[in-house]
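Here the protein sequences line up with chains V and F, keeping their order. All letters in the first sequence, in the order written, are residues 79 to 397 by the numbering used here. All letters in the second sequence, in the order written, are residues 79 to 397 by the numbering used here.
Treat the hints as calculated values from the structure; they're not laboratory data. Since this is a predicted model, take the numbers as computed values, not measurements.
Below, in silico cross-link-like pairs of lysine-lysine (DSSO-like), each with a Cα-Cα straight-line distance of 30 Å or less:
no.: 1; chain 1: V; residue 1: Lys364; chain 2: F; residue 2: Lys364
no.: 2; chain 1: F; residue 1: Lys373; chain 2: V; residue 2: Lys159
no.: 3; chain 1: F; residue 1: Lys364; chain 2: F; residue 2: Lys211
no.: 4; chain 1: V; residue 1: Lys397; chain 2: F; residue 2: Lys159
no.: 5; chain 1: V; residue 1: Lys171; chain 2: F; residue 2: Lys373
no.: 6; chain 1: F; residue 1: Lys171; chain 2: V; residue 2: Lys364
Protein chains: 2
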Amino acid sequence: MADKKIIGVDLGGTTAKFAIMTPEGEIQQRWSIDTNILDDGKHIVPDIIESINEHLDLYNMTPGDFIGIGMGSPGSVDIDKGTVTGAFNLNWKTTQPVKADIEKGTGITFTIDNDANVAALGEQWQGAGDNNKDVTFVTLGTGVGGGIVADGNLLHGVAGSAGELGHVTVDPNGYMCTCGKRGCLETVASATGVVRVARDMAEEFAGDSKLKQILDDGDEISSKIVFDCAKDGDKLALMIVDRVSYFLGLALANVGNMLNPSFIVIGGGVSAAGDFLLTRVDKYFKQFTFPNVRKTTELRLATLGNTAGVIGAASLAIK
Amino acid sequence: MADKKIIGVDLGGTTAKFAIMTPEGEIQQRWSIDTNILDDGKHIVPDIIESINEHLDLYNMTPGDFIGIGMGSPGSVDIDKGTVTGAFNLNWKTTQPVKADIEKGTGITFTIDNDANVAALGEQWQGAGDNNKDVTFVTLGTGVGGGIVADGNLLHGVAGSAGELGHVTVDPNGYMCTCGKRGCLETVASATGVVRVARDMAEEFAGDSKLKQILDDGDEISSKIVFDCAKDGDKLALMIVDRVSYFLGLALANVGNMLNPSFIVIGGGVSAAGDFLLTRVDKYFKQFTFPNVRKTTELRLATLGNTAGVIGAASLAIK
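Excised from the complex, chain V in its bound form (with noise of 0.2 Å):
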């Protein structure tokens, strides 16, 4: 028992990747799959047990071995149930009963989560959250996600939108989100929200600036290029970077008012842009959060990278 195992299953549009791990937070086996969404994406679990399976026996490992098998999904989860609904882009539209047919599949417990959750326990248990108890984390990808975990309980809500970090809403009067409403920080912060107030931004701007330039000659552009132009100096990239950094200093900011967590770690794709975003955010975070809270709650980069999502989905497995 002492030394018993957890697997991490972090299931998403193109791969799934596994971990065994120690339940110390140690990884001592990682590999990953492609992931099959062809036929409404009926292969998808099959997939995953049998490759469970198929490494359970390459390590001479059976399933006393294991505590339990933890995993994180996109789409809407259920997670006393174990099943995932409208998850688009695995092709899965009708609910999918995930934990009967993994612990049918495997003979391991089996607990599941969604992919913005599993990945905030992942950085509040190994990454920048340092274990401790009260960690927030939001990810900047194509969308903006997150996960808030307060007083060592991952936050679910009365119906799973707990941590939804992307429909705070920063500017009421702002862009309207394909959630319905106006002023979300996803419409600001994501990688496509980024893009979308350089070119609102570029519309204005009169000066000299090379990703103006790129504008008008009608090249796509990317938060990337956004990024790398404003560490350049371009002075157009600097302004955009600047508002895109209030409207998530304000945002990270009421996290820190309403929760004081120890930190509040950014991941995604945008963050990419690493301590060159942190400082600009944290100039509005401090100016947005009131003593004590300015005192005390930290802004962090997540640490983990993609792999943030298969170790907090392995966690599940010991909550």
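Chain F: place on chain V using the hints.
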């Protein structure tokens, strides 16, 4: 053991309220004493001890009949050490060893938390929260305070500031708050905040208004007068209530977007305006929440009034 009781103490600057309750939430006895803040508040704890012991004698009860005592206190509470610092309305300037003294004086286990947190626990357990495990409480009084119960746990954060909803930034360019930053919810939604908004909006207002007349006459106004005028159809007062409701709706919407509680419970003096306030705040709450939160998180008025504190305090004994 099965029928052991709990004691709640709600310590305030003018009175200390007491209750003997069952662990199921039934109040069996209630009483209160005046808070004697003379001599740097050094009589307060001895008076509480004496009052508890007297009432135990009166009801023929012994320390063995109790699971514990829970107390809510103003000031900065160290819940682990059981001490209170800087409670200025008690004249407690130095650190008070409340837990040590009360346990020694009564022979009963003692737990303490701050007054806004115990009021939140009270409303969550026996009030508008209907004992749901995700309930946020906001109190609109002289200041604005709050407390968050998430996944069944009262949140404290790393330095005790979780639930300080009064300092959520709702208007980045708004009024300066006593905390030193601008645009805190407290600057517009506390009793004094409502009056501040009223004075400023009255200056700009040109039309016919009884409220403006009162202000022009140099008479003092209160948040109650503002709401009473609004209920009578006073145009200026309605505009003031709308602005206050906008900021409160925005702040509570972001509580919803982050935490997705079952209920956000509104208490404190300003909430005496009742459904008149609630429906106006709810309009903005719905505008600023995303669909899943809009459908599942509900605003409610507090139901326990000023007994929330003593009930929530008692519940600390069984946490």
